[in-house]
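So the sequences go chain by chain: R and B. If you read the first sequence in numbering that gives the first Met the number 0, its first letter stands for residue 0, the second for the next number, and so on. If you read the second sequence in numbering that gives the first Met the number 0, its first letter stands for residue 0, the second for the next number, and so on.
No lab work stands behind these hints: they were computed from the structure. Worth double-checking, as some hints may not be accurate.
[Unchecked claim] Here are a few chain B residues that face chain R, going by a calculated C-beta distance under 7 Å:
| id | residue |
| --- | --- |
| 1 | 21 |
| 2 | 41 |
| 3 | 66 |
| 4 | 67 |
| 5 | 136 |
| 6 | 137 |
| 7 | 144 |
| 8 | 145 |
The beta-carbon is built from N, C-alpha and C at its ideal position, and this holds for glycine as well.
Now for the letters of each chain:
Protein chains: 2
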Amino acid sequence: MISIAAHKHDASANTLRLRRLGIDFGDEFAIFMRRDCHICRAEGFSARTRVEVTYSGRSLLATLVRVTSDLLADEEASLSAPARPHLGPSAGALVSVAHADPVESLSHVRAKIYGRSLDKSSVHEIIADIAAGRYSEVALSAFITAVAERALNQDEVFYLTEAMVSVGSRLDWGQGPIADKHSVGGLPGNRTTPIVVPIIAACGVRIPKTSSRAITSPAGTADTMEVLAPVDLSVADMRRVVEAEGGCIVWGGAVDLSPADDVLVRVERQLDLDSEGQLVASVLSKKIAAGSTHIVIDLPVGPTAKIRSAAMAKHLADVLELVAERAGLTLRVVESDGRQPVGRGVGPALEARDVLAVLQNDPQAPLSLRQRALSLAGPLLELVGIVGRGEGLARAEEVLRSGQAWKKFQAICASQGGMRAPPIADIRHAIVAQRRGVVANIDNRLLARIAKLAGAPSAKAAGIDVHVELGDRIEKSQPLYTIHAETRGELAYALEFLARQGDIFAVEEGP
Amino acid sequence: MISIAAHKHDASANTLRLRRLGIDFGDEFAIFMRRDCHICRAEGFSARTRVEVTYSGRSLLATLVRVTSDLLADEEASLSAPARPHLGPSAGALVSVAHADPVESLSHVRAKIYGRSLDKSSVHEIIADIAAGRYSEVALSAFITAVAERALNQDEVFYLTEAMVSVGSRLDWGQGPIADKHSVGGLPGNRTTPIVVPIIAACGVRIPKTSSRAITSPAGTADTMEVLAPVDLSVADMRRVVEAEGGCIVWGGAVDLSPADDVLVRVERQLDLDSEGQLVASVLSKKIAAGSTHIVIDLPVGPTAKIRSAAMAKHLADVLELVAERAGLTLRVVESDGRQPVGRGVGPALEARDVLAVLQNDPQAPLSLRQRALSLAGPLLELVGIVGRGEGLARAEEVLRSGQAWKKFQAICASQGGMRAPPIADIRHAIVAQRRGVVANIDNRLLARIAKLAGAPSAKAAGIDVHVELGDRIEKSQPLYTIHAETRGELAYALEFLARQGDIFAVEEGP
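Taking the hints into account, I'd like the entire structure generated from these sequences.
The structure is reproduced here in structure tokens:
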């Protein structure tokens, strides 16, 4: 028999007192501890060890960052900001730190890497661990890589969708259809949501829309909408707006609809990896969590859009429709032209200006934005059964033309906290054509990059105003687009980049 | 025409003064900057952005860690320790920081993830970027995942081997065969190198052996050898020892033989992913870089060893032999019994004790270690042509039995800086059998874990002394193994883990 009582290790000795250190480690959970503290020495922790941090019965996994100077005292530790709300301690609280047990669901990730399919429970275990912050960045990257492109079969995509919904909160709007729309990203200025929502709501259909802020683009729908009205609404305020007006356009970040997806998208972006299965699960899980039942998905197709070919669009549409059906959603996919920006403005205020022009039936309003919004609102009205098949577009057009949509939009803005006018940038710099000819190609990605360098989205008025479209005949020295910036320094960044990159608009000799 | 001269951005404004902050961020290159410093604001850097840091014409990519407190002053930044030697600035130097261009070779990694094969130039570009520290942890993880298990074809493994050699330094020993050996890891106590090297060197064959320290095991060969003699030799000192004695056993870490491999192995370990192609390229690139020409590879096979089945061993041996041949190496693979520890000791000093017993022909010396060392030395003598096929084992045995190997070992130790005696731990705790029967199974992984919790390898005397072997008949209360520790706390850790895990030796009723 082995008697270990005499050696029993005293777990309470493994505590450190928390204090703020003021280091922003990004989204990863991290704990800072002195390299020579009693726990690091006793446990033999090395740099970037994954450790289990426990406070008052709750625990989380964190990456260890060792401090080798006097930034921390001997009995002190510091938690990274994202870890604090998960654990709940206040400054000065005592936390205990120990070796972390291996994350069991990583064995499922390894199995997938070795070519096996994932069953339902494996997918749910993986997503639960990811949502709980138990995956390191390295482990997240391995999962993203293992499911990249078309590595997931339809079952796996469905399980992933379910699992993502199950780890977040879910909105319930009671009986009746709940409309929603989503555009698969990558197209500058594609700001149809603030037009589609009031059209649908004006027809008496509920459309409680949550949108995202920009992560790598010059503006997300929430950034653009924020120029016109507050978007940081609580779930309770969102309900109040929807009950009053039938629709809203709020920032989804406050609502915690798909926390695992937020984590995965962050790492996916770093890798710039396309993953069809992950994309489908991401889109559909957010819609299900938002309580939506009838959804139109916009797939812009073009060489510099996210969806680069008709074949890609077709395959993606099939998977979206099949998984949506299995999840009990009514969904229609609309393919659209993704070869050039939509509307004229790129950046929060410039896009908001275009949105207002369309809603107000301004004769100068960009036709491309108007048409695209109608091409999504129409099928959505058909999908929820408000009009018959083939009658949606006419109804949407009527609601827009008559001013009902504009009236509804103003009411939504008022209900969200009050409408406001978009700002205009003080600093503007026109880029002109160097030759006459026809606009043959527009690089959406470079255009977005320049708008960002000019300050968008954090500088609301910054961005690009595009003056020409594909196929336009232009003269030498005719302005192609104008860069808007709030500071001279930001304009300089954008111009410097432009000087290195060369032309964003290809002008060819016309017929 | 666009005139940008007036807006030309002044790059010299993008400088910060370096100072030490004392945060150990692990092996990743990182730069700490104030979130509100002029560069972060102007460039729009967010947490964990990859940035380019330039000093005096040299530059590197680093991960941005933002400081939100007064740990740094406004114009200050701090580089992580591993980044400093790559860039070369002293404290107080001015570095400039800018957005990093995308790492181009990541497009090859994406191509591999999407199922395409890598050509020679793609592999070389990837490895060059990895060696230069241009891959983030997330990017490294994606690469490791993309090449996991058997995802690389033979061409790709060969290119990877070549590329890994090309980015590090390479030793040149002039004409004639250079012998080497390697054991594919995972077996506690498998410390054959300090026995094989003096046997080979005593036969007049040069064997300049570089070994590793433990990373996840209770002892690496360099840790064990360090108990007996200094191993931190410079390349010049290593040459002097080899010229004098024909062989050496030094730590490879000081020699920078395969820097890209060191990076990949670190991430691979975090994922616990097996990658056959990566393993082959790792082993062979280090041998080529060390200047070796004739190599014996030991593949221990057993359920708790790295190679779990004969089929895995066969496949791995085939790839090793084919790629070695293409690289111009003479190589033989020896499969061995990986079901139980080799020798008796696990941990630096206990293993060193076993090594000495074998070299000194002590009648109590563990037979398993002696036999295994001979089974590698024999084929190696045949491979270099010192003896005919089938005659190697007898010659190796003769050199060992006659004391020539022991004499050579002492000479090598003296030449490396002086021989010393292994320490013995003060604290020892025997674990006894709870029933009589036959030892049916030994879990190598748990055994290694306990030796580490007891303090190995940093506590040199710590580890496990194993008293029984598979198949031994034992009585109830007979000691199975003894845990050695340098402190009571470490013994307590080991016993606590043991109490949770249950038995490491399975004892079954015998016939």
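Q.
Flag every earlier hint the structure violates by its number, smallest first.
A. none
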